[in-house]
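Trainee: Residue-level listing of the chains:
2 protein chains.
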Amino acid sequence: MDEKQFRYQHLAEEIGTKIRNGTYQPGEKLPSIRQLHRRLQLSISTVYQAFVELETVGLIEARPRSGYYVRPVSLKSFRPPVHATGKPAKPRKVELDGMVNSVLTAMHTPGILSMASSATAPALLPFRRFTRILKTLSAAEMEKRIGYGVPQGDAELRRQIARRTLGVMPDASAEAIIITNGCSEAVSLCLQAVLSPGDILAIEAPTHFGFLQLFRELGITVVEIPTHPRDGVDADALEEILKQTPVQCCLFMPNFQNPLGALMSDERKERLVRLLNRREIPVIEDDICGEMFFEGNRRPALLKQFDRKDLVMTCSSFSKTLAPGFRIGWAIPGKRFREKVLRLKAGTTVCTAMLDQYVMARFLADGSAERHLRSLRQKIRQQMTKTALAVEQYFPPGTRLAVPRGGSLLWVQLPRGADGATLYRQALERKIAILPGVVCSVSGQFRDY
Amino acid sequence: MDEKQFRYQHLAEEIGTKIRNGTYQPGEKLPSIRQLHRRLQLSISTVYQAFVELETVGLIEARPRSGYYVRPVSLKSFRPPVHATGKPAKPRKVELDGMVNSVLTAMHTPGILSMASSATAPALLPFRRFTRILKTLSAAEMEKRIGYGVPQGDAELRRQIARRTLGVMPDASAEAIIITNGCSEAVSLCLQAVLSPGDILAIEAPTHFGFLQLFRELGITVVEIPTHPRDGVDADALEEILKQTPVQCCLFMPNFQNPLGALMSDERKERLVRLLNRREIPVIEDDICGEMFFEGNRRPALLKQFDRKDLVMTCSSFSKTLAPGFRIGWAIPGKRFREKVLRLKAGTTVCTAMLDQYVMARFLADGSAERHLRSLRQKIRQQMTKTALAVEQYFPPGTRLAVPRGGSLLWVQLPRGADGATLYRQALERKIAILPGVVCSVSGQFRDY
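Going down the list, the sequences are from chains U and H. Note that the working numbering gives residue 253 to position 253 of the first sequence, counting from 1, and the numbers run on in steps of one. Note that the working numbering gives residue 364 to position 364 of the second sequence, counting from 1, and the numbers run on in steps of one.
Treat the hints as calculated values from the structure; they're not laboratory data. Treat the numbers as computed from the prediction; the structure is a model and nothing was measured. Just so you know, even glycine gets a beta-carbon here, dropped at the ideal spot from N, CA and C. Where hints are given, some of them may not hold.
Claimed, not checked - Some, not all, of what chain U presents toward chain H, calculated at C-beta under 7 Å:
| # | residue |
| --- | --- |
| 1 | 108 |
| 2 | 146 |
| 3 | 217 |
| 4 | 324 |
| 5 | 353 |
| 6 | 354 |
Take the sequences, apply the hints, and build the full model.
Mentor: See below:
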């Protein structure tokens, strides 16, 4: 290897590393060839050769009359996973095997790097701001928060949440909102409000593995609807299943689905809701990741926007974006189910923790939430990009990857013949917890994810 | 009326008022006749006549060689309510009428004096101490609390709660405890852990009307067990019912039962647990008022102490004694049901609010809890005495009253022919919410309470 060859490869490697570690962001412009020539004391042709090398491996792209840019990471740059289409699903009770307990234990074991859940790292959350709010809390304010609250939650917090529905939920008001102990309680109350014993719930396949736990504990019978890694739940498949199966309720995540990261388009959302409205089937939408979009500056639409029959129940929380430990979520169940959800809330947890509601309302009122969210989205997107690039670099050929447009989970399809459970066990030996695809379904699918 | 007669009556009236408003406490010694003779410039015989008058109406009592004492308010000084013993109860689904919604609305309406629930007034709770703890919270500590916690709850808080079980639960350790969103969530998780659809739950009659709400929302079938205003649930009646009815679980409040205030003796507790152990029937005990005893200085025993088969699930919280708004309760379900309860907790509310757990653990660790509890018990007891005396003074003859030995509820039986619902409506017109007895049962009993 002559010296010149060594030099351009060395430069290409360094730039590549800096792209992978997020120094250079997807879509960002790189220094020009002329700038690098001067700054690094390298010949124009050495720098040019390095850029060509990076272009070849797909890390950067030349834009005419503009220069070289870090290539935006998108579904285009990876081959997306392919879900096998099997026989139409049959309703079944949820039974989970030992793998699930192992994953749950691993997630909570100190010293293990948990990549098995979509938890946001505390360092990325506005804990300093919350600390400052607590320091200003007077004894008189504490006296107001120490007693029981009403089941629907703090009025000011509900108003702040209602303000944030601008543009995605025209009819929402503070009155429509019920504060819950996280999004999980919201979903669980809505499920219990709609389902009677023996009823069938339609869910996405794959789905959030925490939901499967819940379904098992509540004894809910489910039917799985095929769900596309990019486009979300398949309305055609759902329609077919509805012809044979008496589904009483659906639970979907239209925005940045867990675990796929799929984002349904507005057209798909509208079509889905029209189908369910026509059959008078209630649908619970979990929008917990709705605020974690990577593209543009507005959050994606809700199923609720297309609802003509008051059958969509929207659930969300601040657990991915502000403070998981505060356990503040909410349900907007619509007039039809509001009373029932509220009575369930009053009967099971009485009200949501008052101090946390107060601190969150103060945080939202002071206007720093938007700034925090913009910065959080950028950081999560950087992490996502880094991780996706690392998977591309280190995983064997044949690996497929759906890089999502939001959320915080990467759905990876292993090369043919590889087993997610084996990879899970091997990773765990190295103190890393991942989520084997098989635990995201009740039917043994997704073994190679 | 001659002047002398006027004088002794005037004195009797003044002392009576001071007893009713708590200036002189039940059991407290009054100034001696000689002292009052000197201090008030009244003749010995005038003071003596006043004391005789007060003795006659039952407010004070003479103790040989000691003097006059405010009569301890106890079941002895009131005629206790009499529960009609009807036909053996049949299992039934819980249906609640409009009265319940009215009570719930009234409880939460600003401007209405709520005497319908056992909520402790915020002014009696240690809100200043909690405010001080929050002011010392560092950003680094907040960073630790802002993320998700484990479903079973903060380890230090569990340890603090375990320390407090000394003397009432020999086997309890931090490991055995699951932190919940108040006692309600603890009870609700235990119920769901044990009951399948269609199963029958045995409950006390009357019972906490919030429980009935929960049973309705969860679709639980219940059978009511007669419960004595002083001695608690009737084990004989339960035994009879068990002969005919397949009961899968019981939910009882052995200590200061809501709404009766009944305290079961150790003997009755032991007998009850022996009966249920023998038949392998799990029992959930709600001990939320266990710390609110008025007599002696140790909390009453738990059913758990008599449990030989790991079938008693103990639930409690700090909502009556420290901070209802923090929503911190716990379940100690025993080894048999621990995993199931924990999975339900993880599936429905994931974990209990982290900040609240931390603040509560700090409060318990600094040792001021005992002092607060002693003072709280005394204040609640004073309120209870005042209210009982007011009922005696202002309610019509024939009123019966169980003055409890703990807790914060008074169970009043109206004279024959009076209707609790009518009284409820009349009180509500005057902006006072009371609890009509009929909402504490599913069988239309207790209309005159």
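Trainee: Now look at each hint and say whether the structure bears it out.
Mentor: Now the hints, each set against the structure:
1. This hint holds: residue 108 of chain U has a C-beta 5 Å from the nearest C-beta of chain H, less than the 7 Å allowed.
2. Nearest Cβ of chain H to the Cβ of residue 146 of chain U: about 5 Å, under the 7 Å cut. The hint holds.
3. About 5 Å separates the beta-carbon of residue 217 of chain U from the nearest beta-carbon of chain H, less than 7 Å, and the hint is met.
4. The interface hint given for residue 324 of chain U holds, since its Cβ lies 4 Å from the closest Cβ of chain H, which is under the 7 Å cut-off.
5. Here the hint on residue 353 of chain U is kept, as its CB sits about 4 Å from the closest CB of chain H, short of 7 Å.
6. Using the Cβ-Cβ criterion of 7 Å, the hint placing residue 354 of chain U at the interface with chain H is satisfied: the shortest such distance is roughly 3 Å.
This entry satisfies every hint, going by the numbered hints stated previously.
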